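All chains should be built: construct the whole structure from the sequences, respecting the hints.
Spelled out, the chains give:
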Amino acid sequence: MSAANSTYKPGNGLTRWLDSRLPILRLAHDTMTSFPTPRNLNVWYTFGGILTFCLGVQIVTGIVLAMHYLPSAALTNGGTSSVAFDSVENIMRDVNYGWLLRYVHANGASMFFLAVYIHMFRGLYYGSSKAPREILWILGVIIYVVMVATAFLGYVLPWGQMSFWAATVITNLFTSLDQIIPHVGQGNAPGVGTVIAQWLWGDFAVGDATLNRFFSLHYLLPFVIAGLVGLHIWALHIPGNNNPLGIDVKGPQDTVPFHPYYTVKDAFYLCLFVILFSILVFFHPDFVGNPDNYTPANPLVTPAHIVPEWYLLPFYAMLRSIPQKLVGVLVLFGALLTLVFVPWLDTSRVRSMRFRPMMKQFFWLFVADCILLGYLGSKEPQAVWHLGGFDVPLLWPARIGTGYYFFFFWIVLPFLPLFETPLEQPKSIAEAVLGTAKPQAAE
Amino acid sequence: MATTTTDEPTRRDFIYIASGSVAAIGAAFAAWPLIDQMNPSSSVLALSSVDVDISAIQEGQQAVFMWRSKPVFVRRRTKKEIAESVDTPLSDLPDKLARNLNLPEDAPATDKNRVEKPEWLVIIGICTHLGCIPLDKLGDWGGYLCPCHGSQYDTAGRIRRGPAPENMAVPPYAFTGPTKIKIG
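Chains A and B are the protein sequences, given in the same order.
Numbered by this note's numbering, the letters in the first sequence go through residues 1 to 443 in order.
Numbered by this note's numbering, the letters in the second sequence go through residues 1 to 184 in order.
It is worth saying that the hints were derived from the structure and are not from the lab.
No experiment lies behind these values; they were computed from the predicted model shown.
Note that CB positions come from ideal geometry on N, CA and C, so glycine has one too.
Warning: the hint list may mix true and false statements.
What the hints assert, rightly or not - A few chain B residues that don't get close to chain A, going by computed Cβ distances all over 10 Å:
1) A27
2) S49
3) D51
4) I54
5) I57
6) E84
7) T88
Unchecked claim - Pairs of lysine to any residue residues, derived as SDA-like cross-links and limited to a Cα-Cα distance of at most 25 Å, are as follows:
8) B/K137 to A/D292
9) A/K360 to A/L345
10) B/K70 to A/V83
11) A/K379 to A/A368
12) A/K360 to A/P414
13) B/K70 to A/H183
Shown next as structure tokens:
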């Protein structure tokens, strides 16, 4: 919003005085009150607000948890536990409301990812990444990647078995670069990937130094996300919201002010979201967690079956489906990098998949594919399906699922529009919603 | 910046380039300590070698020792395990290099090049895929099976199947007595 079309009018002397020095109330009014918003936004558009709430919850609970948490891998209890692990148990048992704060923070990460996945699928379905919203989409992808990094760093902090081995496996992804430069220096010198991994660890393996720096970065990154969210909202407010019809706003008859229409709508769905959040926290606080993480970290024993948190399982399945280490890691990062190109991969001029009968089917197949990959990622690597007398190693569905992920983005999105005839789109939002494009006298 | 249109470099151009260069080089020098502080510290590097007594390990057993924060497997192999490893042709191995830090880097992955004494296998017990600790006496070759992504190793710690790219590394070590070794 430029100041030129601001509708803010300071009501009294004090706000006039402030407005000529720091127009912060004008900014709030233009972005959160009068902001013209398409009148047809549905429930799936409430997740932006829900995500802002999630970030706030994680920052507030995180700051107070940091007042009690100790990031030290020093051994306690005769070598069977550690200072970090004990401090988390102290939070759970002795700190006033510590159990609540920690369960909200730990389950808050899951709710955050649930909301962000819905938000991303919504953007994909309604073509929200397409011009003029490419930067908005790319900022969203960056926020998602930083969220993944933050969640991973946070998962390491309790210093249980899953924490330790997640840290080991993820940092070892970099050692795949040894296959590109096998020796930095003479003879048996370590490869470039090992050099990077040791730099990340501060040791020759994951240890005390690693835990300390992960805590430092885990505290930093949420504020980086908050800054990126600011840019994301800025980039949203230049073109304004996309909408379920995917057609442009043509005039004031197509919009309503953000407040009270969407503040109320967002608040209502936020309440439903918080109810689901509360059910998780108060009745099933360990539902999304892994029981192995209540075993203190042991650098000598890898648990028989290690898995990441549910929200990273599809990527884990992709990594495991590839038998070659470097290629597996490239596929993993390629799956994330692919998202950046979505605004240009989808070549259809029609934004919303409501009007794309064929694309819609590929989209829902893609959603099912992500869920299938998530399921496969949770299974043991040697697992086998018994289907009517045939033994199918899960490796094969995982490979097909990985293949479809890339097929969807790199083949279906760019080339399907050559074969697809879109349905006719309504002439305007007002016409579709009200049955008539009411001419507005205001212009 | 105030500009004057002239083809000749002025004293302002000079001071602009000079101060800009100092700032850029200074920023690079200032960044290096911020980056290098993350590398293993002197106290970590100081723990470079350990002496271990392996006399209590019976044939067919394995003990684990810590060296540089990493587990080192010391496995007293049975005659059958040694024979199976020795009889493996090099062509059956996905990684044909010995990965033995006591030998030149291009040494082939024969059983002889993986051990000092055939009875004792000493390796860094970390899967070369993504760093998990393999379980011993499992997998199709009776050596090691990594529980994370299913890599399988033989009784000389050489990769045979799965996503791991390399044989498990042999650390620098030497026998200081019949049943004593110094690792590192």
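Taking the hints in turn, this is what the structure says about them:
Every CB of chain A is more than 10 Å from the CB of B/A27 (nearest about 20 Å), matching its label as outside the interface. At the 10 Å boundary, the C-beta of B/S49 stays outside the reach of chain A, the nearest C-beta of that chain being 13 Å off. No Cβ of chain A approaches the Cβ of B/D51 within 10 Å, the least distance being about 18 Å, so the stated non-interface status holds. Residue placement check: B/I54 keeps its beta carbon more than 10 Å from all beta carbons of chain A (closest about 17 Å).
Every Cβ of chain A is farther than 10 Å from the Cβ of B/I57; the closest lies at roughly 16 Å, confirming the non-interface assignment. No Cβ of chain A approaches the Cβ of B/E84 within 10 Å, the least distance being about 22 Å, so the stated non-interface status holds. No Cβ of chain A approaches the Cβ of B/T88 within 10 Å, the least distance being about 20 Å, so the stated non-interface status holds. Restraint check: the Cα-Cα separation between B/K137 and A/D292 comes to about 24 Å, which is no more than 25 Å; the hinted pair holds.
For the hint linking A/K360 to A/L345, the alpha-carbon distance of about 16 Å falls within 25 Å, and the restraint holds. Restraint check for B/K70 and A/V83: the C-alpha separation of about 21 Å stays at or below 25 Å, so the hint holds. Proximity of A/K379 to A/A368 is assessed by CA-CA distance (about 17 Å); at most 25 Å being required, the pair is judged to hold. Proposed proximity of A/K360 and A/P414 is supported: the alpha carbons are some 14 Å apart, at most 25 Å.
In summary, the hint linking B/K70 to A/H183 is supported, as the alpha carbons are separated by about 20 Å, within the 25 Å threshold.
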